[in-house]
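Asker: Chains as they are written, first to last, in the working numbering: chain A, 4 to 130; chain B, 4 to 130; chain C, 4 to 130.
Some clues are possibly wrong.
Note that identical chains are pooled: a pair holds if it fits in a single copy or bridges any two copies.
To be verified - Below, in silico cross-link-like pairs of lysine to aspartate or glutamate (DMTMM-like), each with a Cα-Cα straight-line distance of 25 Å or less:
1. 116 to 57
2. 116 to 99
3. 116 to 62
4. 116 to 19
5. 116 to 83
I should point out that these hints are in silico values taken from the structure, not numbers from a laboratory.
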Amino acid sequence: MPLVRIDVLEGRTTGELAALGDGVHRALVETIGIPAADRFQVLAAHPAGRLVFDPNYLDIVRTPGVVLVQITLSLGRSLEQKRALHAAVARILAADCGVRPEDVFINLVEVAKENWSFGNGIAQYAP
Amino acid sequence: MPLVRIDVLEGRTTGELAALGDGVHRALVETIGIPAADRFQVLAAHPAGRLVFDPNYLDIVRTPGVVLVQITLSLGRSLEQKRALHAAVARILAADCGVRPEDVFINLVEVAKENWSFGNGIAQYAP
Amino acid sequence: MPLVRIDVLEGRTTGELAALGDGVHRALVETIGIPAADRFQVLAAHPAGRLVFDPNYLDIVRTPGVVLVQITLSLGRSLEQKRALHAAVARILAADCGVRPEDVFINLVEVAKENWSFGNGIAQYAP
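Could you put together the complete structure from these sequences and hints?
Answerer: If you want it as structure tokens, here you go:
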């Protein structure tokens with residue numbers, strides 16, 4: 004159910020991009036109970052100048068290796084679950100992909116359960 | 004007012020992509036009363052490996068022909084309207100574009116009416 | 004904290020795209036108090052036919068110079084702040100980038116404060 008968009012600057016291989024997707028997905032599975040097979044992601048690499056990031060906002064030093072992760076998911080996660088998710092994404096991308104934790108930017112967008120269809124035109128998660 | 008993002012793998016022609024956009028728009032018009040001229044869409048085709056989907060989640064068999072449809076729209080649609088929208092998107096993409104219904108993934112993101120400007124810097128739908 | 008996606012048709016230079024990003028950011032800073040260094044944007048240029056817009060919806064005449072601006076930001080802005088933001092985006096893109104105000108399409112997506120991490124896996128804005 005999560006729909007994950009990962010945006011980076013060009014320079015990573017397709018395999019490295021796939022590893023970013025793997026890492027974000029593992030964080031979702033480990034921290035907020037997303038099923039392992041519930042994986043839908045768009046991985047996009049942008050030319051120089053087309054992914055804009057501040058190199059220092061909140062005194063966090065970012066580099067062109069920055070990874071923007073936008074996750075659309077169903078409502079219902081607690082503050083603690085969200086904190087755990089943020090932490091796991093940064094930790095796993097560092098451990099598995101060599102991403103600096105400072106370079107991991109995350110945004111969650113929450114929607115109602117009936118706002119998903121996984122195929123066949125049915126809202127499988129609707130109440 | 005809906006802003007529709009359609010993401011697929013490379014392989015469809017621009018005409019086939021346009022037909023996907025046509026089909027999603029027709030579903031919006033027919034099921035939730037979107038005006039025919041209220042159409043804004045971004046159609047993106049991604050290289051292999053950059054659109055990730057589970058081939059079997061919820062026992063729905065997906066292929067590389069998968070179509071991810073993310074629709075941002077105003078709050079206020081009922082559960083029944085959303086169900087009708089999901090069904091119509093899958094039905095129309097199958098009938099008009101030859102997309103397998105299993106390959107149609109849909110996500111709705113809802114926002115307030117004042118969160119739109121259709122031009123001139125005015126929030127035309129604000130209360 | 005805002006995550007801004009700007010989508011246009013191909014034809015603008017990277018410098019012109021950057022100026023669009025500059026303009027949207029300045030509008031955010033001037034109208035809703037976004038810190039100047041809080042800037043994260045994805046600027047995408049699409050081939051002909053892959054950014055679809057109605058040329059006349061609501062009697063606003065749009066051209067292929069249309070600029071779709073989708074801004075994900077935290078909840079909490081008033082109707083008046085949103086109106087000011089819409090107006091400023093159109094005004095600044097016209098003044099600084101020569102964009103016709105009719106060609107500026109804006110959508111805001113609002114999320115909870117804990118739905119952001121600016122690095123290091125921490126939800127810096129969580130309550």
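Asker: Decide, hint by hint, whether the structure agrees.
Answerer: Outcome of the hint check:
no. : hint      : in the structure
1   : 116 to 57 : between (34 Å within a copy, 19 Å between copies)
2   : 116 to 99 : neither (31 Å within a copy, 28 Å between copies)
3   : 116 to 62 : between (37 Å within a copy, 19 Å between copies)
4   : 116 to 19 : neither (32 Å within a copy, 30 Å between copies)
5   : 116 to 83 : both (20 Å within a copy, 13 Å between copies)
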